[in-house]
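Chemist: Fit chain B with the ligand to the supplied structure of chain A, relying on the hints for placement.
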Amino acid sequence: MSNRPPETGPFFARDRDIHPPAYTPWYKTSILRSPQRALISLEGTKSEITGPVFGHGMLNPLDNDLILNYAKPGEMPIGPRILVHGRVLDERGAGVPGALVEFWQANAGGRYRHKKETYLAAVDPNFGGVGRTITDETGYYWFKTIQPGPYPWPNGVNDWRPAHIHFSIFGHGFQQRLITQMYFEGDPLIWRCPIVKTVPDEDAIRRLVAPLDMNATIPMDMRAYKFDIVLRGRRSTFFENRPEGN
Amino acid sequence: MVQPLGYIKESASQTAGPYVHIGCTPNFVGIHGIFDRDLGSGALYNDETRGTRVTIRGTVYDGGGYALRDALVEIWQADDAGFYNSPSETRGEADPNFLGWGRSPGDMDTGEFVFETIKPGRVPFKDGRWMAPHITFWIVARGINIGLHTRMYFPEDEAANAEDPVLARIEHKDRVPTLIAKKEGDNTYRFDIRLQGEGETVFFDI
Ligand SMILES: [Fe+3]
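For the record, the sequence lines run as chains A and B. Under the working numbering, the letters of the first sequence match residues 320 to 565, in that order. Under the working numbering, the letters of the second sequence match residues 731 to 936, in that order.
Treat the hints with care, since some could be wrong.
[To be verified] In silico BS3-like cross-links for lysine-lysine, where the CA-CA straight-line distance does not exceed 25 Å: (1) A/Lys545 x B/Lys739; (2) B/Lys739 x A/Lys516; (3) B/Lys856 x B/Lys913; (4) A/Lys391 x A/Lys435; (5) A/Lys347 x A/Lys545; (6) B/Lys913 x B/Lys903.
I should point out that these hints are in silico values taken from the structure, not numbers from a laboratory.
Chain A extracted, bound-state conformation (with noise of 0.2 Å):
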């Protein structure tokens, strides 16, 4: 996959202010599920530097593929055609190859496949919305799917979440685990939603603003959005002259 040397350095520290905090009671939710005592610090050890690795043979030819992977043959969901792409990156800047990249949404709609879901929009027979790849030697990686529809929920009582696509990236430490959304370009929504809002940072929440991307968008078939990820960076090990453990 790389032909760079597995890195065992420790991670940088976590930027907690870029972080939503875990109790924002804006977002109702929060208040019950939001831990009150000080997270214990811990510089990561052996086990949360390391992560599995998950290889490209486990992905099937249309998981990253949400307008075809659930449609029956012949047929595809309705709604705007777009195609996301973008790279996984650390916070030196560096691609990520081989990061698990897996991603959920609402149909055109605005409305999930899902027993729970309540929201009277229609389901779409032929969309699952959910879909999967690894990032490639340079940590691209791209996916086709149907623009998702903003929706209702109960919040407050008119709450509505702007537009957007879950991603849920796992690169090569359990502790660069991550679970994010991703936003596009120009929806009113998204200064007005109680989620975007538990980041603390405006810059931040701009970061999770996908683009429109008209050098890729494919001419008549679909628009491109480039949405890059950050996960955490590590440094370097030049410096480590003492073996560890034994």
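Modeler: Just chain B with the ligand now, kept in the frame of chain A:
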């Protein structure tokens, strides 16, 4: 003026939301035909795996004492000899029949998660002291803005737990038991996770 350091910042975390199972365990929520099986489901071991088979069950509770039924729990652990199946493992070769990673969506009605795994060996801390056998847990759910890391230790390892450098880091000793599983039977353990309030589980900023 000086040169810019050139680092870029980590992407901000956002809650996994109520439908994390669609993305991470689609078969569990009835979305069949896309992935053959849900990643990280089933026993972590096979017939060839070395080590003692153990079952770990637990429930994630909120600050009101209610069980979460929309959480996703992942574990990561060393093999029987204390090696991680990872390119970042420099001390030796891990058991090729043990990946050491698992994922559980919890039971649809009760929220209880289950992992069928093996008891891990001991892994050294950075300064060479031995940590007690432990499993790393990561919990995400609706209402959790950033994934929570914790560890489970084993109740029978009293001596090893007493000298564990990570447990020693916990100033309020009455909180240490929140990281130690309860024995429920032969090789069966319960590890409940309390997000808030009385008996709040110790979580780590790693
Ligand atoms: Fe959503």
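Chemist: Run every hint past the structure and note whether it holds.
Modeler: Verification of the supplied hints:
1. Between A/Lys545 and B/Lys739 the CA atoms are separated by roughly 17 Å; this keeps the pair inside 25 Å, and the hint holds.
2. The straight-line distance between the Cα atoms of B/Lys739 and A/Lys516 is roughly 18 Å, inside the 25 Å bound, and the hint therefore holds.
3. Proposed proximity of B/Lys856 and B/Lys913 is contradicted: the alpha carbons are some 29 Å apart, above 25 Å.
4. Between A/Lys391 and A/Lys435 the CA atoms are separated by roughly 24 Å; this keeps the pair inside 25 Å, and the hint holds.
5. As the CA atoms of A/Lys347 and A/Lys545 are separated by approximately 31 Å, the hinted pair breaks the 25 Å bound.
6. With a C-alpha separation of about 20 Å, the suggested pairing of B/Lys913 with B/Lys903 holds against the 25 Å cut-off.
Violated hints, in rising order: 3 and 5; the structure is consistent with all others.
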